[in-house]
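*Asks:* Residue numbers (the numbering used here), protein chains in the order written: chain A, 1 to 249; chain B, 1001 to 1325.
Some clues are possibly wrong.
BS3-like cross-link-like pairs, simulated, lysine-lysine; straight-line CA separation at most 25 Å [claimed, not checked]: (1) B/Lys-1072 to B/Lys-1112; (2) B/Lys-1319 to A/Lys-231; (3) A/Lys-154 to B/Lys-1319.
For the record, the hints were derived by calculation from the structure and aren't laboratory data.
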Amino acid sequence: MKILVPVKRVPDYEAKIKINSDGSGIVTDGIKWIANPFDEIAVEEALKIREKGDASEVVVVGIGPADAATQLRYGMAMGADSGVLVTYDGEVDSDLAARAIAAVYEKGEYGMIIMGKQSIDSDANQTGQLVAEHLGLPQACFASKVELGEGSVKVTREVDGGLETVEVSTPCVITTDLRLNEPRYASLPGIMKAKKKPMDEIPLGDLGIEPNVRISIRKMSPPPERAAGRKVADVAELVSALQNEAKVL
Amino acid sequence: MGNILVYLDQNEGVLPKSAKIAITAAGELKGAWSKDKLIGVCLGKGASAAADEALTFGLDEVHFSEDAAYEKYRAVAYACACQSVYASASCDAAVATANTTGKDFFPRLAAKVDAVQASDIIGINSDGSLVRPMYAGDVIAEIELSGDHKFVTLRATAFDAAQPSSASGAKKELGSVDIPAIAGEVVGYELSGGDRPELTDAEVVVSGGRAMQSEENFEKVLFPLADALGAAVGASRAAVDSGYAPNDWQVGQTGKVVAPNLYIAVGISGAIQHLAGMKDSKVIVAINKDPDAPIYEIADYGLVADLYEVVPELTEAIKAAKSAG
Chain A
1 MKILVPVKRV PDYEAKIKIN SDGSGIVTDG IKWIANPFDE IAVEEALKIR EKGDASEVVV
61 VGIGPADAAT QLRYGMAMGA DSGVLVTYDG EVDSDLAARA IAAVYEKGEY GMIIMGKQSI
121 DSDANQTGQL VAEHLGLPQA CFASKVELGE GSVKVTREVD GGLETVEVST PCVITTDLRL
181 NEPRYASLPG IMKAKKKPMD EIPLGDLGIE PNVRISIRKM SPPPERAAGR KVADVAELVS
241 ALQNEAKVL
Chain B
1001 MGNILVYLDQ NEGVLPKSAK IAITAAGELK GAWSKDKLIG VCLGKGASAA ADEALTFGLD
1061 EVHFSEDAAY EKYRAVAYAC ACQSVYASAS CDAAVATANT TGKDFFPRLA AKVDAVQASD
1121 IIGINSDGSL VRPMYAGDVI AEIELSGDHK FVTLRATAFD AAQPSSASGA KKELGSVDIP
1181 AIAGEVVGYE LSGGDRPELT DAEVVVSGGR AMQSEENFEK VLFPLADALG AAVGASRAAV
1241 DSGYAPNDWQ VGQTGKVVAP NLYIAVGISG AIQHLAGMKD SKVIVAINKD PDAPIYEIAD
1301 YGLVADLYEV VPELTEAIKA AKSAG
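Could you put together the complete structure from these sequences and hints?
*Replies:* Pasting the structure below:
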């Protein structure tokens, strides 16, 4: 079985995000780009399955400009066998990303897609579910545990109020939550090897996909500032403030 | 002019706050997008009673099914049921609250009807544009959706629950819907948190960070404070990653977003990741030994102290204040 793992390029979660002067987007000059942390977890899970002998190959896929190859190489440095970059320079929304991923899946006899539950830039939490529906596959989202069976997989999902375990048939789409695993770091030999691993570049048009981005950002602004309050000297002052000023007790 | 489908959570015949929030937002969208009717959907055991309750909020129609296929939530089954209502009730828009149910199946439903979805919105402008946070809340974006079918999921903390008005709408039972085998089965469920309120619903949240040092300290130090306040217990990612608290207690960009009346952060330094999940709380209290901890930049009241000394003291003081008040 081959596992397909989408990897998205996002700004480093530690970077201070600044909005450009006309509010049309963020300032990207000087920003460090990383692989979406949830996608790293997805790569790790796929590698674990391969290492157990339940998968033959792990392929990372991305959509975006040529630069997005860097994050696919990172996935390969972690241990993925090869990469597919769907090249496209325009705006990509969840729907376009999902259609591109679905098209790559259909070209390659994959048995499973594992991907992050959300990207830390647009925070939309949609693409995995969209891919599943486009391909008519089962979905198991927000996974914190994955147990492969014969023709099926048991996935423990992080849901409001606890953990839920679902059993779905394979092939399927699994989206990863934070606690699924601790992604390994790319080792130096891994990074060297990754440079020689095969990477396919496919222009979006060659997949027969017409971009139709239906979500547009009109304006970005910083969140309202929350003013710092004050320090209290002791518990008595705190309780008094909560009772008499804030009136929340 | 089409109608808006409103997905309504229900628990054994009762509408939780998340459903009432969806009704509020659907009402706002109806005005902003010039839509015609609000069409509710309730699924699972108790859906009939929940539909009766939903009608008291002024919905035009509420479709329900207590078919065994919906007894346990499953993304594919719920998406298929909603698709059937969406088509038969001439909808061209849909709304759900972005809890783990809405987040899970709404994109799937959107793909079925070729809709575009705006996730986790925090505002609806009168001109039809929407407001949503991006980049862990560092950016507030005003967005526009185009196309024939528009979906929205809502950040629960940003909308108020609807109030009952008049019931004049129609209750309709959903007929049989084909659920493909890919829907799978729910084979287990493990509740965490015991009798305390659900994090995202709680009026008061007490959260612990890495400085809690252990699961036992959560129990010994934090639980009594939470119980004195009738609060839900939360945790920072650091505390969850260290195994001090279960996963679903995590407050932050990648966990739960909460906005209670009172949020008490105990031994939490205040990483951006965590702040994104709680900075809309009405009153924030921080207790941390480090006077320079970033949490103090947003806290209304900061107490620089050793949590092991002051949290038990605070617990007793709150008990005393409550019994006096």
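*Asks:* It remains to establish, for every hint, whether it holds in the given structure.
*Replies:* Hints versus structure:
no. : hint                     : verdict
1   : B/Lys-1072 to B/Lys-1112 : holds, 21 Å
2   : B/Lys-1319 to A/Lys-231  : holds, 22 Å
3   : A/Lys-154 to B/Lys-1319  : violated, 45 Å
Going through the hint list in order, the structure does not satisfy hint 3, though it satisfies all others.
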